[in-house]
Structures are given as structure tokens and as C-alpha cells.
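If you read the sequence shown in the numbering used here, its first letter stands for residue 34, the second for the next number, and so on.
Hints in this document: simulated from the structure, not taken from any laboratory. Computed from a predicted structure; not experimentally measured. A couple of the hints might just be wrong.
[As the list claims (entries may be wrong)] Here are the in silico distance ranges between beta carbons for each label pair: (1) Met54 <-> Pro85: 38 to 44 Å; (2) Asp84 <-> Ala48: 47 to 53 Å; (3) Glu80 <-> Ala55: 35 to 41 Å.
All residues carry an ideal CB built from backbone N, CA and C; glycine is no exception.
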Amino acid sequence: MQRSAFALFRRKWPAPVWEPMAPFIIAGGIVYYGVWQGQNALSNTDEFRSDPRNRNAKPSKPEAH
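Sequences and hints are given; from them, build the entire structure.
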């Protein structure tokens, strides 16, 4: 009988895993959200608003002939 590769993850572990890791998972989510908001705030400043690498920058109109 051949077992799937994910059979290891469905196993019941004898020690609690999620309870001790919960604070670190929550803190990681908070840090991720803070960095995301900081990046959005800095990309909307006057210095970077017209930068072509900025995703939120409006595309410039092509020059007329």
C-alpha cells in the first residue's frame, strides 16, 4: 500500500502545535499588515507619485505627433 505525500500532515500529533504558535502567527499577520500599509503610504507621496515604477502612478499620455 502506497501512502500519499500529505499523509504526514494529516497525522494527529501528540503535542499541541497551534496553541503555542498562535501568538507568533498573529504577530506575523500584524507586522505584514503594517508593512503593507507603510508601503502604500510611501508610494503615494509626492516624491514617488510620478515614478514609473509606482503601481499606483497614472500612465502618462503618449506624445502626439
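Hints, verified against the model:
About 41 Å separates the C-beta atoms of Met54 and Pro85, a value consistent with the hinted range of 38 to 44 Å. Under the hint 47 to 53 Å, the C-beta atoms of Asp84 and Ala48, about 50 Å apart, fit the expected range. Range check, Glu80 to Ala55: Cβ separation about 40 Å, and the 35 to 41 Å hint holds.
Comparing the model with each numbered hint stated earlier shows that all of them hold.
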